[in-house]
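Engineer: Listed in order, the protein sequences are those of chains A and B.
Numbering (this note's numbering) for the first sequence: 1 to 464.
Numbering (this note's numbering) for the second sequence: 1001 to 1446.
Where hints are given, some of them may not hold.
Computed cross-link-like contacts, DSBU-like style, restricted to lysine-lysine with a CA-CA straight-line distance of at most 35 Å [to be verified]:
#: 1; chain 1: B; residue 1: LYS1177; chain 2: A; residue 2: LYS443
#: 2; chain 1: A; residue 1: LYS296; chain 2: B; residue 2: LYS1295
#: 3; chain 1: B; residue 1: LYS1323; chain 2: B; residue 2: LYS1368
#: 4; chain 1: B; residue 1: LYS1323; chain 2: A; residue 2: LYS158
#: 5; chain 1: B; residue 1: LYS1125; chain 2: B; residue 2: LYS1006
#: 6; chain 1: B; residue 1: LYS1006; chain 2: B; residue 2: LYS1428
#: 7; chain 1: B; residue 1: LYS1135; chain 2: A; residue 2: LYS213
#: 8; chain 1: B; residue 1: LYS1280; chain 2: B; residue 2: LYS1295
#: 9; chain 1: B; residue 1: LYS1280; chain 2: B; residue 2: LYS1330
#: 10; chain 1: A; residue 1: LYS217; chain 2: B; residue 2: LYS1295
#: 11; chain 1: A; residue 1: LYS443; chain 2: B; residue 2: LYS1006
#: 12; chain 1: B; residue 1: LYS1280; chain 2: A; residue 2: LYS213
#: 13; chain 1: A; residue 1: LYS213; chain 2: A; residue 2: LYS158
#: 14; chain 1: A; residue 1: LYS217; chain 2: B; residue 2: LYS1006
#: 15; chain 1: A; residue 1: LYS217; chain 2: B; residue 2: LYS1280
#: 16; chain 1: A; residue 1: LYS442; chain 2: B; residue 2: LYS1428
#: 17; chain 1: A; residue 1: LYS158; chain 2: B; residue 2: LYS1295
#: 18; chain 1: B; residue 1: LYS1295; chain 2: A; residue 2: LYS213
#: 19; chain 1: A; residue 1: LYS442; chain 2: B; residue 2: LYS1006
Derived contacts from chain A toward chain B, CB cut-off under 8 Å, selection only [stated by the list, open to error]:
#: 20; residue: GLU288
#: 21; residue: GLU418
#: 22; residue: VAL447
None of these hints come from the bench; they were simulated from the model.
Note that this is a predicted model, so its numbers are computed, not measured.
From the three backbone atoms N, C-alpha and C, an ideal C-beta is built for every residue, glycine too.
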Amino acid sequence: MESLPKNLARDLKNIVGSKWVLTDRDRLLAYESDGLTAYRSIPLAVVLPESTSQVSNVFKLLSQNGIKVVPRGAGTGLSGGALAEPTSVIIGTSRMNTILELDADNRRAVVQPGVINAHLSEAASPFGLYYAPDPASQSACTIGGNVAENSGGPHCLKYGVTSRYVTGLTIVTYEGQILQLGGLGRERGSYDLVGVFVGSEGCFGIATEVEVKLLPKPEAVQTLLAIFDRIEDAGRAVTSIMARGLLPAALEIVDGATIRAVEASVFAGGYPADANAALVVEFDGIEEGLGADVQKAVSDCNNSGATEVRSAATSEERQKLWQGRKKAFGAMGRIATDLLVQDATVPRSKLPEVLLKISEIGDRYDLNIANVFHAGDGNLHPNILFDRSDSEELRKVELASTEIMKLCVAAGGTITGEHGVGHDKKSYMPLVYGIEEMKAMKKVKTVFDPHHGMNPGKVLPADI
Amino acid sequence: MTRKEKTLDTSLLREILPVKGQVLEHFGETDWSFFSRQPRAVLFPHSQEEITSVLSLANENNWNCMPAGNGTWLEGCMNTDREVNLIVSMSKMNNILVHEPDNLFVELEAGVTLEQLQVTLRPSKQWLPLDPPGKNSSTMGAIIATSSCGALQTGFGRPRDHVLGATLITGDGKTLKLGGKTVKNVAGFDLLKLLSGSWGRFGVITKLIMRLHPLPEADRTLLFSSNQAHPGTSLAHDIMHTPATLQSISILSPGLREELDSENTGVAVRILESEAAVDKVEALILERTDLLPCKRLNGSESEAFFESLKNTDTDSDVVIRIKCLPSIMKNLIHQIEALQSLVADDSLGGLKFLAHYESGILLVLIDKLKLDDDWLAQSAETLQEFRDTVEQQGGSLTLLFAPEILLKEVTPWGSLGEVETICAGLEKVFDPNQILSRSSAHRSAE
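The whole structure should be built from the sequences, with the hints applied where relevant.
Structural biologist: Quick look at the structure:
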C-alpha cells in the first residue's frame, strides 16, 4: 500500500487539524468505495477540510506535489465517481455541512457542500419553502454530491434536475484557485459556467459553496397507487397519463420482484405480494386543481388494466403508498449480497418494450433483475442482484449491464439519467458519443483543470 | 500572433452553396448590416454539410463569421472591434423534424421560428413556454444562442432549461451531437449548457431537441395599479410570496404603461393553471395584497397583454439588462434615475423599465438620447458608474443594445474578473482559430 509522505501529512494537518487527515488503513477502509461496491480501492489519504480557504490550501499543497484529488460527499453515489486510486487523496466534505444563508425573501439558500439534501428542505420548511431535487438517498446524500452528479429524483418529472436549481457556486480548482461562478442572481458574461460545472462529477474542481433556488411548498399533495398484473400495462398507464397533458409531480414504477422483496422486509407497505407492478402517481399544487387530475389518472390506470387503485387520504397513508418505492433498495439486501443499481433513460413511450427486453436479458444470463424506476421521465433502474464472490456471476452481471445499456441507447435513450458516468460507465460513453464529442469534453475539462489533477480516470474513456 | 486573413472570394462559397440565392452579396443596407457596416456576404446554407464546408473554408482563409437566424440580434451584445466577413443565416434550415407528443419533445432545425413551432404544437395541446423579446419571428437557434427570454422564465426557467439536445458545428467545422431526447441525461459533461448564451461564439447550432409542456387550461392576468401607497416593488414582493407558483410578476414603469395604453397598470401577474385552480390562485394573490383591486384578463386577452409587453424593448436606442436578487430591485429602480442624463432634457418618456421581479431581471429602455457634443463621454461615464452601483449590490449589468460608439466605451458585459481565463479557454476549445470569437467581448485584447 502506498503511503503519504510524512512531511506532506504534517503540512496537511497544519491546514485542517491533525484529526482531519486520515492515513490509517482501518479508517481508510470506509472510503474504499462509494455506493457502487463492485469497485474498491483504498486511497492514499482522506482530508476533511471545513472551509473554502482550507480546501484551497489543501489543493495547492497536493497539486504542488503532483498528488491527484478525488472529491467525496456522503459516498452515496452509484457510479464509482468517488472511487480513488491508491495514489490519490480523497477530499471529503462531511465537515462542510453548514447552511450559510437561508434567504427566504429571495427564495434562495447558500450552503456548504456537505449539507445533507433533506436537511436543507427541513431548514426551509418553516418559511413555506423547500429544495426540489430529491434523490432517493436524500436523507444521506449531500448537496455537493448532487451538484457533482446533477442529481435527479422522483419529483424531477415536474420540477427538473439539480442544474435548474443551482444559481451560483464557489469552486476551488486543482491549483487552489477560488472562483465565483454566478450567484446573487447575477450573470457575469453570457457563458453558463454554473451550468457546465454542475454534473462535472468532480472532474473540473470542487464546489465549496452552493447557492440554490428554493420553491414554495405545494399547497396540497395527492398520491395514488395502482396495481397491475403486467409491468407493460403499468408502462402503458404512464404513457396515457402523460399523453393527455397531465404533469404529475412523480410517476414511479416498482416491479413484482421488488414488491416481494419489500413486502418481506421490515419496510412492508401493504402492496399485494402477488402483484407484478405497482405504479405510484403523485400530483401536487393547488388543492382545487388536483381532484380532476387524480380522477383522470385513475381512469387511465383502470383503462390500462390496473387490478386495484388506492389513494391516500392522509400524510401517513401517503408515506405508506411510497414505502414500496422508497425502501426498495434497502429491501434488496434480503435477497442478494450485492446489488448493481443500473441507471439508463429511454423516451417514455419505449418503456413497455424496453422492460420486456430487460426481462429477456435477465433470463438469458440467469440473473435476477428487479426494476424500480422513474417512469414519468423514462429513467430506468434495473437492479441486478448478484454475489460478488462468484466470479462467473460477476462476469454475467457485466455482460448483462452492457446489453441493457445498448438496448436503452438503441431505443433513443442514454446510458445514465441521474447516477453519472463515474468509473462504472466510462466504457459505455462511445455508445452515445463520438470521438469528437468526447474530445471536446476533455478539452473543456482541461480549461478548468489544466493538469488533470481532479478525479482522475472518471467519465471519459482512457484513450480519449 | 494573428493569422493573416485572405481576401474573401465568393466564387469559392458558391461552389459550396450552389443554389441561387444561397450566397447574397448585394443586399439592402437595412437587411443584414449592423452599425451601418455590411458583411462581405450573407450565406443561407440548406444542410449541415454545407455549414461544415463553409466553416472549414473560413478557417483556411481566416474569414470572420457570425452565425445568425433571421438577423434580429446582429447588433446585440456586439463587440464593436469585431469585423465580420460572413454571416451564416440558418433561416433556410427551418424544418420541424420530429414531434413526439407522447414523449413531450420536438426535434427541429435551428432556423424554425418560435411562431412556426407554437403553431405546429398547438393541435397537440403542447407548447414551448418561452417568450423572448420581440416578435415570434426569432429563430429557435437564435433564441438559444442569445439565451433570450422574457416574463415566463419566472415559472418555466431559462431557454437552457428547455433544451434536451443540440447539434453544433464548431468554429473549426466539427459536428458535435450533444444531449439527447430525454429530460434526464447526465452522460458526460454538460456541454449543452454552454450553447445557451454563447452568442454563436462556439459554433453554429443546426438542430435542437426541445422539451415541451402541456398547454395550460387557463391563462389569467391580474393587473394592479401602483402608486405611492402601493409601490410596484412592494406589491411584487408581496405577490411573489403567494404560496403558489406564478408564471410572471412584472413591474411596468409609467412610460411603459403609457406606451402599452395601460396607464393604470403597475404590476402584471400571470397565472397559468388548470381551470379548477386558477380562481384559488387568484384568491391567494389577493389575500397577499390585502384585496387590492385589480383588473382581470382571461385567455387570449391575457396572452395578448404579455405579447405586447415583450415587444416593448425592440426599438429602443439603448437596452440594458440588469440581473439581481429581487430584494435589491427596489433600490435599483430608484437608482435608474441616474440614467436620465442620457436622455435629451426636453424629452418625456425617454427612460422606461420593465422588471420581471421574481426572476430578478430589470430591463432599462432608453430612447431620445441627448446627442450633444459631450454626450458620449458623459453617457459612458454614467453607464459605467451605474454598472458599478449594480455590481456593488451583487448584481450584473449587460448592455444588450446601444449605439456603436457607446458600446465601444462601455462594452456589453464589463469585466469578467477571475473567470475571464475560463471564458477565453472555452472559446478556444470550440473555435481554435477564433473565426467566430475573434475580438470577443469575453476576452481582453491580446
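Engineer: Within a Cα-Cα threshold of 35 Å, do LYS442 of chain A and LYS1006 of chain B meet the stated pairing?
Structural biologist: 32 Å, holds
Engineer: Hey, LYS1135 of chain B versus LYS213 of chain A, does the alpha-carbon distance stay inside 35 Å?
Structural biologist: 30 Å, holds
Engineer: Would you check whether GLU288 of chain A satisfies its interface hint, that is, whether its CB is within less than 8 Å of any CB in chain B?
Structural biologist: This hint holds: GLU288 of chain A lies near chain B, its Cβ roughly 5 Å from the closest one there, short of 8 Å.
Engineer: Quick one, are LYS1280 of chain B and LYS213 of chain A close enough, alpha carbons at most 35 Å?
Structural biologist: Status holds; Cα separation ~25 Å.
Engineer: So if I understand the rule, the pair passes when the alpha-carbon distance is 35 Å or less; does LYS158 of chain A with LYS1295 of chain B pass?
Structural biologist: Given pair LYS158 of chain A, LYS1295 of chain B holds - Cα atoms ~31 Å apart, limit 35 Å.
Engineer: Under 8 Å is the threshold here; is the Cβ of VAL447 of chain A close enough to any Cβ of chain B for the hint to stand?
Structural biologist: Since chain B brings a Cβ to about 4 Å from VAL447 of chain A, closer than 8 Å, the hint holds.
Engineer: Hinted pair, alpha-carbon criterion (35 Å max): LYS217 of chain A, LYS1280 of chain B. Please report holds or violated.
Structural biologist: With a Cα-Cα distance of about 16 Å, the restraint between LYS217 of chain A and LYS1280 of chain B holds, given a limit of 35 Å.
Engineer: For LYS1280 of chain B and LYS1295 of chain B, compute the direct alpha-carbon distance and say whether it is at most 35 Å.
Structural biologist: 16 Å, holds
Engineer: With a cut-off of 35 Å on the C-alpha distance, tell me whether LYS1323 of chain B and LYS158 of chain A pass.
Structural biologist: Holds, at about 26 Å.
Engineer: Next pair to validate is LYS1280 of chain B with LYS1330 of chain B; report whether the Cα-Cα distance is within 35 Å.
Structural biologist: The hint holds at about 28 Å.
Engineer: Going straight from one Cα to the other, do LYS213 of chain A and LYS158 of chain A come out at no more than 35 Å?
Structural biologist: Judged against 35 Å, a Cα distance of about 16 Å means the pair holds.
Engineer: Regarding the pair LYS217 of chain A and LYS1006 of chain B, is the alpha-carbon distance no greater than 35 Å?
Structural biologist: 60 Å, violated
Going through the hint list in order, the structure does not satisfy hints 5, 14.
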